[in-house]
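Hints in hand, dock the two standalone chains.
If you want the building blocks of each chain, they are given just below.
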Amino acid sequence: MSDRDEATRSRGFDDAAIAGHHAIGVVDVPGVPKLATGIAGFDHVTMGGLPRGRTTLLVGPAGSAKTVFAGQFLAEGIRRGQPGVFVTFEEPARDLRANLATLGWDVAEWEEQGLWRFIDASPVPGTDQIEVGAYNFAGLIARIGHAVDQTAAERVAIDSVGAVFGQFSDASTVRSQLHHLAAELRRMGLTVVITAESAAESSGTLSRHGVEEFVADNVVILRNQLEDEKRRRTIEVLKLRGAMHRKGEYPFTVLPGQGIVVIPLSGMALDQGSSDARITTGNSQLDEMTNGGFFRDSIVLASGATGTGKTLMVTEFMAAGAEAGERCLFFAFEESRDQIFRNARGWGRDFERYEREGSLRLVATYPEVASLEDHLVEIKNEIDELKPQRVAIDSLSALERIGTVKGFREFIIGLTSFVKAEQVAGLFTSTTTALLGGSSITEGHISTLTDAIVLLRYVELNGEVRRGLTVLKMRGSMHDRDIREFRIDGDGMHIGLPFRNVAGILTGRVVNVADPFANGELQP
Amino acid sequence: MSVRMTFTVYVAGNGMAEGVRGRLLELCAERDVDGEVTVVDVSADPQWAEELNVVGIPTVVREHPRPRRRVIGSLEDGRRVAEALGLDDSVDGDGGGR
Chain A
1 MSDRDEATRS RGFDDAAIAG HHAIGVVDVP GVPKLATGIA GFDHVTMGGL
51 PRGRTTLLVG PAGSAKTVFA GQFLAEGIRR GQPGVFVTFE EPARDLRANL
101 ATLGWDVAEW EEQGLWRFID ASPVPGTDQI EVGAYNFAGL IARIGHAVDQ
151 TAAERVAIDS VGAVFGQFSD ASTVRSQLHH LAAELRRMGL TVVITAESAA
201 ESSGTLSRHG VEEFVADNVV ILRNQLEDEK RRRTIEVLKL RGAMHRKGEY
251 PFTVLPGQGI VVIPLSGMAL DQGSSDARIT TGNSQLDEMT NGGFFRDSIV
301 LASGATGTGK TLMVTEFMAA GAEAGERCLF FAFEESRDQI FRNARGWGRD
351 FERYEREGSL RLVATYPEVA SLEDHLVEIK NEIDELKPQR VAIDSLSALE
401 RIGTVKGFRE FIIGLTSFVK AEQVAGLFTS TTTALLGGSS ITEGHISTLT
451 DAIVLLRYVE LNGEVRRGLT VLKMRGSMHD RDIREFRIDG DGMHIGLPFR
501 NVAGILTGRV VNVADPFANG ELQP
Chain B
1 MSVRMTFTVY VAGNGMAEGV RGRLLELCAE RDVDGEVTVV DVSADPQWAE
51 ELNVVGIPTV VREHPRPRRR VIGSLEDGRR VAEALGLDDS VDGDGGGR
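Keeping their order, the protein sequence lines are chains A and B.
1 is the number of the first residue of the first sequence in my numbering; add one for each residue after it.
1 is the number of the first residue of the second sequence in my numbering; add one for each residue after it.
Since the hints were derived computationally from the structure, they do not count as laboratory data.
Be careful, since some hints might not be right.
Not close to chain A: a few residues of chain B, all C-beta gaps over 12 angstroms, as computed [to be verified]:
#: 1; residue: Arg4
#: 2; residue: Arg21
#: 3; residue: Ser43
Derived DEER-like restraints, expressed as beta-carbon distance ranges [as the list claims (entries may be wrong)]:
#: 4; chain 1: A; residue 1: Ala101; chain 2: B; residue 2: Ser74; range: 40 to 50 angstroms
#: 5; chain 1: A; residue 1: Ser176; chain 2: B; residue 2: Asp32; range: 31 to 41 angstroms
#: 6; chain 1: A; residue 1: Arg187; chain 2: B; residue 2: Ser74; range: 18 to 28 angstroms
#: 7; chain 1: B; residue 1: Asp88; chain 2: A; residue 2: Arg231; range: 46 to 56 angstroms
#: 8; chain 1: B; residue 1: Glu76; chain 2: A; residue 2: Glu109; range: 43 to 53 angstroms
#: 9; chain 1: B; residue 1: Glu76; chain 2: A; residue 2: Gly81; range: 46 to 56 angstroms
#: 10; chain 1: A; residue 1: Pro92; chain 2: B; residue 2: Arg68; range: 16 to 26 angstroms
#: 11; chain 1: B; residue 1: Asn14; chain 2: A; residue 2: Ala101; range: 18 to 28 angstroms
#: 12; chain 1: B; residue 1: Glu76; chain 2: A; residue 2: Pro61; range: 38 to 48 angstroms
#: 13; chain 1: A; residue 1: Gln225; chain 2: B; residue 2: Glu18; range: 32 to 42 angstroms
#: 14; chain 1: B; residue 1: Ser74; chain 2: A; residue 2: Lys247; range: 24 to 34 angstroms
#: 15; chain 1: A; residue 1: Arg186; chain 2: B; residue 2: Ser74; range: 19 to 29 angstroms
#: 16; chain 1: B; residue 1: Asp32; chain 2: A; residue 2: Arg187; range: 14 to 24 angstroms
All C-beta atoms in this analysis are idealised placements derived from N, C-alpha and C, irrespective of residue type, glycine included.
Here chain B stands alone, though its shape is the one from the complex (with noise of 0.2 angstroms):
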């Protein structure tokens, strides 16, 4: 049973958008979650860093499901990505969904 979870990924400049959005993606397919990215440019969009005081790019945000996670840097290290994102987390009770 795949496992629902929601994040955003904070970049600046289109170019760099699609490679975090995607590389993020394919660590969740690898560990069976389905993963719902948005992405936030910060060039275009200063006021969603300012909200949530992001100061690193990229910055990556576990928001569902709860307590919030946050990496920043490049997602290349797919393990330690996976454990601060909590990707391979057993998730208990309800599953995790919504």
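Excised from the complex, chain A in its bound form (with noise of 0.2 angstroms):
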């Protein structure tokens, strides 16, 4: 089957898990039912969850967020009426219970409902034993069998493999025991969660201590990377044996009250129904410019150097949104909330009463103070919970420098495609480097993903810098193809008449091809 068959045929389910829902507990791919992970966006990425009945090896290095994953698969079954059971050989009880309520699960409360059983393994102090002779862990066996029958359990986590290898010293003997157990859990039809500490690169092996090869029907890979400086976590199906899952790494990204947040990237149907009605601009010219306004839907790009207006193009779309009624939403990542509305003043537009009205919600922040996942998330929840008809983010350049290259560009997919699902219209700023002409790696990413691209530039000009302003792209539409010069003023942007008789004020190098104020045309 083509990726595309699969792509359509699961098309209901993609969109309740772009929009982070999952209504369905197990979810029926042909061959083998899946139980939702609760993990919003793998359960996309693997087509409905993990196989049900079958042990997936859940494999990364320290620190990226196995056991989290673990709770949480646990955590979502209690939320479907599946009870479960942690089996941990690592941290204790106490201290899993304290740190998954940070995450938002009252554990406690669930162990009083007989919900969830923790079997603790773990070390304690002081109680060392010493192997004597030949062994078996019927102990572990009878004691997961006990809470399962207690809890009436059907997810199982085990945390982790490592752990179990550091506490017996005969690894052949683990290695078999473990097989047994993986084996009994698959006879009892529990739906199991392994965790396990990747091996080095060069080993050949996926865990560290090789085990993927008996308890594995699945594999689930976790990265946490060093990339520039900055760190990545990615999570990638690896195997899902007998069914179908999306191939490739996602970044994810550990949020309180929700656990891992996977971001899908690729899959998303960008075929979304395409809106012929057109919106205000919130600048008349360029309507006219654009035959009538920006699309409903559509992905606006507005690049140009620093002071070009381009906070002033988001300042007008955004308070034209809120003359009309709509909800916009502004993402603010250059200045601070004073300074926008301290700019938007000084044009003519007053913000705060937008915002009093409830037709404007403005969220300025910092980029560094989260990662390109969190801001992505956090743009995603402002919007699922506001639902605006207009979004703008200014700038895009601002979170190009907190990722690496490949984590921004998995940024702005995903941005784009959610942006898209919902059917808003959005309008982002990019900054590029040079005064003069040139483009910036911000537009290399999206400019393939945006329907329509607005350039403001400086233009030099007998020796005068003045502005300029052209409709570089927009899809599905007529659009005036000029270079027009605009002025800034206390009522905003006011554009004018196209440049004559000059060429290469897109790249910065202008030449006269004959003088601008010959016919009058062009005042200076």
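See below:
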């Protein structure tokens, strides 16, 4: 079956996954029923969750959120009426209880209700045991069986394989006993997540103790890499035996109250119904240049050097929406709330009033306070909550500097996918590094994903610096192809006549083709 | 003078119980230890395994005298078992009795 068929068939579920809702507990993909993990985005990647009645090995280095994944898998089960048993060989149950509580899961309460049981096999100081002969794990199996019977558990988490090997010295016994344990759990019909430490790259095996061969129907890899001094966490489904899944690495983050949030990038339907409806750009001349305004569900990129008027364009775009009674969401990453309010006032727009009236929400954040993934999740949460008709981000370039090149590309793809999925009009700005002409890395990542691009440029002409604007592309619409001069005053942006008889404005190397004032079209 | 010791033996299923218990008493007798053994079958009483965090079977815990000593595995190697459980320890003072 081709990827396209696959995508089409699961479209209904994809939409729910993108929206962060998982309405169904067991999703019937032909062959293998699955259990939702409750991890937003991951159920999208796995096309429904982890195969039911199977064991999934979760491999990752220290600090890659393996325990959180295991806990979240059980917590989601409880939300769906499927009790769980958490077997810990590493952290004592009381520590886990406290850690999981910070993520928003009241495990103690679930234990009281008989929905969650810990099997605490964490080492207790001062109770060393000496191995004197052959042994098996019948004690552990009996304990798990007992807890499963008591709670009617369907889900089991075992954390971690490495800690088991740490407690017992005979590795071959541990390996064969884990094998036996996995078989027992399978016989009991349980859906199991087992965590394991990843091996050194060179070893040729995935997990440090090479356990994947026998426990793993399914293997999921968590990574926690340092790239350009920036941390990047990803999750990848390596195999899901007998079941389809999406390939590749997906960035994720861990948030209080939510746990792991995976950012699904590929497989998002890019054929959202497109609208013919137009909305005003907030500037009547720009409306004319775009043949009636931006499309209702389009993403527009405004690109220009610092001070060319990008923030003004965003301000007018937001104000027009607020005036029309739409809900507008403005993410500012370059300026503080006060600065933005002051700027808007200077251009005759009263943002304070719009916020009071509920038609505008301004979120001003310093980019460095969080990772790109966190910002993306926050943007998504704000959009989910406010359900705006207009979203603006000023600027994407400010976010670009906090992530890796790859991370930023994923951020852009994730951002545009869900903004499009929500059918919101988006205006994003990008700052070019060169004052005259030039392009930015941001544009390279986003230009193919946008429906329209507006360029704002400084134009050096006859010893003066002026401002020019052009609509570079507009998907599905006629638009003005001129480069027009504009000026900024206390009412905002005023777009005037095209520059004539000059060339090279976009590249920043303006040459006179003829005297621009000769025919009186352009006033100095 | 014999030394008195008490043990708990954790096994799974009745088949194993007598063998482990018998072997432990045999090792005690060889060393003039007056051993008293309680057997816990974890498949019948898993909550006891939970309480003592028993994973490996068989597990033998010397409960008295304190401190507890704990071994896992079959008890074939008498010398290792005796050493790990302290069966050869000379007990001073009150002789380890109650």
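The hint says 32 to 42 angstroms between Gln225/A and Glu18/B; measuring C-beta to C-beta, is that right? Given range 32 to 42 angstroms: violated, Cβ gap about 56 angstroms.
The hint says 24 to 34 angstroms between Ser74/B and Lys247/A; measuring C-beta to C-beta, is that right? 47 angstroms, violated
Take a quick look at Arg4/B and tell me if its Cβ sits farther than 12 angstroms from every Cβ on chain A, holds or violated. With a cut-off of 12 angstroms, Arg4/B remains clear of chain A, as the shortest Cβ separation is near 22 angstroms.
Given the hint of 38 to 48 angstroms, is the C-beta distance from Glu76/B to Pro61/A inside that range or not? 40 angstroms, holds
Verify the CB-CB distance for Asp88/B and Arg231/A against the hinted window 46 to 56 angstroms. Taking Cβ atoms as reference, Asp88/B and Arg231/A lie about 55 angstroms apart, which means the hint holds.
Can the suggested window of 18 to 28 angstroms be confirmed for the beta-carbon pair Arg187/A and Ser74/B? The hinted range 18 to 28 angstroms holds for Arg187/A and Ser74/B, with Cβ atoms some 25 angstroms apart.
When you take the CB atoms of Glu76/B and Glu109/A, is the distance between them in 43 to 53 angstroms? Since Glu76/B and Glu109/A have Cβ atoms about 48 angstroms apart, the given range 43 to 53 angstroms holds.
I want to verify a distance hint. Is the separation of the beta carbons of Asp32/B and Arg187/A within 14 to 24 angstroms? The hinted range 14 to 24 angstroms is violated for Asp32/B and Arg187/A, with Cβ atoms some 46 angstroms apart.
Do Arg186/A and Ser74/B keep their Cβ atoms within the hinted range of 19 to 29 angstroms? 27 angstroms, holds
Range first: 31 to 41 angstroms. Now tell me if the beta carbons of Ser176/A and Asp32/B are that far apart. 38 angstroms, holds
Taking C-beta pairs only, is Ser43/B more than 12 angstroms away from all of chain A? 5 angstroms, violated
Range agreement (Cβ of Ala101/A with Cβ of Asn14/B, hint 18 to 28 angstroms): 42 angstroms, violated
Going through the hint list in order, the structure does not satisfy hints 3, 11, 13, 14 and 16.
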